[in-house]
Amino acid sequence: MALTLYGVLRSRASRNVWLLNELGASCERVLVIQAYRLADPAAPDAPLNTASPSFRAVNPNGLVPTLRDGDLVLNESLAINLYIAKKHGGPLAPANLAEDGLMTMWTLWAATECEPHTIQILYHRVGNPTVTPDPAKADAAVVALRRPFGVLETALRDGGGFVVGGRFTVADINLAEVLRYAQPAPELFAEYPAVKAWIEACQARPAYRAMMEARNAEPA
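In short: position in the sequence shown from 1, add 8, done, that's the working numbering.
To be clear, the hints were calculated from the coordinates, so they are not data collected in a lab. Beta carbons are placed, not taken as given, at the ideal position from N, Cα and C, and that holds for glycine. Don't take each hint at face value.
Stated by the list, open to error - Label pairs and their in silico Cβ distance ranges:
1) A10 - R175: 23 to 29 angstroms
2) A205 - D147: 23 to 29 angstroms
3) A144 - L105: 40 to 46 angstroms
Hey, can you work out the whole structure from these sequences and the hints?
Right, dumping it as structure tokens:
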């Protein structure tokens, strides 16, 4: 049975589509837009959105993305990626239990140590409809990210340019997508050359470029 992914690419579903592109895996896409991007999400002609009752029946959290695989329904984009990678197998997936633990560790590290700060850079240097821009918050996030960026810098140097197994894996996708939000602060990446080289290499991959091309074609 084919996977079904709910969510537009201008959401964290981008992470999942990048991985699916890397794997060449088939997936049905159901375009679900964030309710906050619509003037009236409940309007009769409103597109399927995160407040739509039919989507809330799939994900009561009212957030995208969501993955359905038969009777299994998964939320949380990073967890979805770990599941897809392990289901598919191959070099992007963990080769053993130790790698599984490391990929989970780096994924949780990205979510807890980095994303609370990277999202502030995105919101306050690029913008978000729900947030009033505050440059001071973006500057504070840059300061807060120097410690985790230093940790990642060392790990990449010690790991031959990747965080697990000396090769590109789902852990790199999860990390790179979280750190993408910080790219409106190029001065931060300039301080950590291994991190800068790594994310540029990740984003040079054809699967990432295909995802971003499709993402950019969506309505802003």
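* Asked: Do the beta carbons of A144 and L105 sit within 40 to 46 angstroms of each other?
  -> Since the Cβ atoms of A144 and L105 sit about 44 angstroms apart, the hinted range of 40 to 46 angstroms holds.
* Lying within 23 to 29 angstroms: is that true of the beta-carbon distance A205 to D147? -> Roughly 25 angstroms apart at Cβ, these two residues keep to the hinted range, so it holds.
* Is it true that A10 and R175 lie within 23 to 29 angstroms of each other by Cβ? -> At roughly 27 angstroms between Cβ atoms, R175 and A10 fall inside 23 to 29 angstroms, so the hint holds.
Checked against the numbered hints given earlier, this structure breaks none of them.
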